[in-house]
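Undergrad: The listed protein sequences derive, respectively, from chains A and B. Counting in my numbering, the first sequence runs from 19 upward without gaps. Counting in my numbering, the second sequence runs from 19 upward without gaps.
Treat the hints with caution; some may be incorrect.
[Said to hold, decoys possible] Sample of chain B residues facing chain A (criterion: CB under 8 Å; computed from the structure):
hint, residue
1, Leu43
2, His44
3, Leu47
4, Val50
5, Thr63
6, Ala64
7, Ala101
8, Glu102
9, Ile145
10, Val258
11, Tyr262
12, Thr329
13, Gly352
14, Phe375
[Unchecked claim] Sample of chain A residues lacking proximity to chain B, with all beta carbon distances greater than 12 Å (derived):
hint, residue
15, Pro141
16, Arg183
17, Asp344
No wet-lab data here; the hints were simulated from the structure. Note that the Cβ used here is the ideal one computed from N, Cα and C, for glycine as well.
There are 2 protein chains.
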Amino acid sequence: MTTTREQIVPSGSSSAAIATSPIGLHRVLEPVGVLPQAAWRLDATAEIHHDEVRVRVERLNLDAASFRQLSDRHGGDGGAVRAEVLEIIRSRGKMHNPVTGSGGMLVGTVEAVGPDSRLGLAPGERIATLVSLTLTPLQIDDALAGWDGRSEQVPCDGHAILFGRSIAAHLPTDLPTELALAVMDVCGAPALTHRVVAKYVAQGRPPVVAVIGAAGKSGSLALAAARKGGAARTIGIVPVPAEYDRLTAVGLADEVALADARDPVALAKAVEAAGGPADITVVCVDVPGCEHAAILATANLGTVVFFSMATSFAAAALGAEGLAADVTLMMGNGYAAGHADFALDVLRSTPAARQLFEARLTGEHGAAHPPR
Amino acid sequence: MTTTREQIVPSGSSSAAIATSPIGLHRVLEPVGVLPQAAWRLDATAEIHHDEVRVRVERLNLDAASFRQLSDRHGGDGGAVRAEVLEIIRSRGKMHNPVTGSGGMLVGTVEAVGPDSRLGLAPGERIATLVSLTLTPLQIDDALAGWDGRSEQVPCDGHAILFGRSIAAHLPTDLPTELALAVMDVCGAPALTHRVVAKYVAQGRPPVVAVIGAAGKSGSLALAAARKGGAARTIGIVPVPAEYDRLTAVGLADEVALADARDPVALAKAVEAAGGPADITVVCVDVPGCEHAAILATANLGTVVFFSMATSFAAAALGAEGLAADVTLMMGNGYAAGHADFALDVLRSTPAARQLFEARLTGEHGAAHPPR
């Protein structure tokens, strides 16, 4: 059993004599008693409590939907966008767009670490936060003077607070920052895929793994993680010939197949022809209506892992019932212990994945990641 | 590996010389190539294929939402409701309300069994179908003459077809039909709960199980199944004092706690005080916004199983990430092999659950089941 999660612990060896909560309840100013993400306003005071970490922020990466809304609202007037972002952060104590409900993440350097912090961070380390800005206390000190308001990338000076329970990842020195951030953005998918595959392997039955949307960011890392985990066979499903060619060329999957994931019969046939049905099907395409296809392509007593934010809970649950499919339906949790380091290792050790990834970074985005 | 699911198999020893699909693709008339549930029109011809079963239908149970829509539309005019239901079945070959998208289920007697059917049914057996009427070929022979159009219960004469892969359950002779049907309606919850609990037990760590919405139909059976599966402790969470008293009185849970499942902090505290955090949290209340509470009440590396159709995929996936909660998020599949018989056995062997269940049946409904 782990320690309780909502427990209010008294400050320990810290100078701060205020009771703190590992999930940041003590930083919630209004309404009192809700989680930081649900709060209207957070306390972004620089002084840290015994289990907190303060980060000197060098850049915010605004959520794409949030930036688009702000930019559209102001007709692309960068100055006005900058002023509104500043006002949001000043009034809410966090960069939480009230219209889109989304935030983003940040890059910075660890400035101070409370004595009871268990995040494994040390002052001077360069990190990215992997929890949303919507729940991260933030204060800006430079009025965003270095930002033109015309890009999601916001250079800045200020500080942010990480709670006792938070997620931050060291930025590796051997990879370009952009590449590392792109990997971290989808790092839940390879971590969970690997974990599910490893369970099958531990039971002596290496699984057939099908990844739907296999040429995308989360999809390519999930494929690589499945192979690394000991999958008996990996099948990459892609929707268009260009992706078929690209995925085939890099050799990341044992089999590549072309199918529309919204067509259950066609997709199941494609997986079957590629050596299926799949013991594990991983859904990484952000297109609505893929639930039935994923279920139909999966073997009896198999597992479907949905990473797509377009997944409908009802369509999946009722779809499985309608198909009399005795399969485990998992929602892709964006967090798993060590997920960022694991994903970076997968990228480092899988040139094919890195190749796909870098091509994606310079080309269009086909991410299947949640807004942060 | 099981047999393929979308495979089109030629008829075997049957007289029908038509290729059939275990999921009924051969019964789809339009549009061709979609799943029966997605089809506008099915072929309800009485002649069965080699792996099909024909049922003589004695009663339809219309989905509540479907009946309400029809009744509202016709201002409660039973004759008009009956005429529209007849027309839907005639034109679509199934009772699939085009407005609500829902169907219901049926009760009947097995009339004919194809030689290759693997449903385990024999002529003369009284059964209920547990797949939706929205995908079940149906023909009515008596013009619904015995129905007044004023209730979801539709006595009738006609036939329905079950595919090679379908779900039907024998109606027990030792339980009232109404009680058996109510149990079958939520039988996915106890089956899956038991399966998840048993996995923990098999690993030598009997789990603490919290059930949110524990006094309802699916909740009470999930509680009973958790105890049957070897849970170390069961915690029943209910939202109102009346349910607290009722659940406490029957002794179905080791601990009962009162908490609003939409308040993460309050709910996690309640579970904690009752002996949590929970290794397994089962969500059985059909109220939106319970995802964060369930996640927060769950121990590190624990499991949350969502049976509520009000579950938001995004709220669950992003909520776990925001809380840095390394937990497994499962969607409650309405089907698991043997789920109906298992649920009935749970009811028979747990007088406390039966007591709650019967009280529910005569009182208000608080079901956490999907529309069929």
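Undergrad: Now tell me if each hint is right for this structure.
TA: Verification of the supplied hints:
no. : hint   : result
1   : Leu43  : 7 Å, holds
2   : His44  : 12 Å, violated
3   : Leu47  : 15 Å, violated
4   : Val50  : 10 Å, violated
5   : Thr63  : 21 Å, violated
6   : Ala64  : 22 Å, violated
7   : Ala101 : 28 Å, violated
8   : Glu102 : 24 Å, violated
9   : Ile145 : 14 Å, violated
10  : Val258 : 20 Å, violated
11  : Tyr262 : 21 Å, violated
12  : Thr329 : 5 Å, holds
13  : Gly352 : 3 Å, holds
14  : Phe375 : 21 Å, violated
15  : Pro141 : 21 Å, holds
16  : Arg183 : 5 Å, violated
17  : Asp344 : 5 Å, violated
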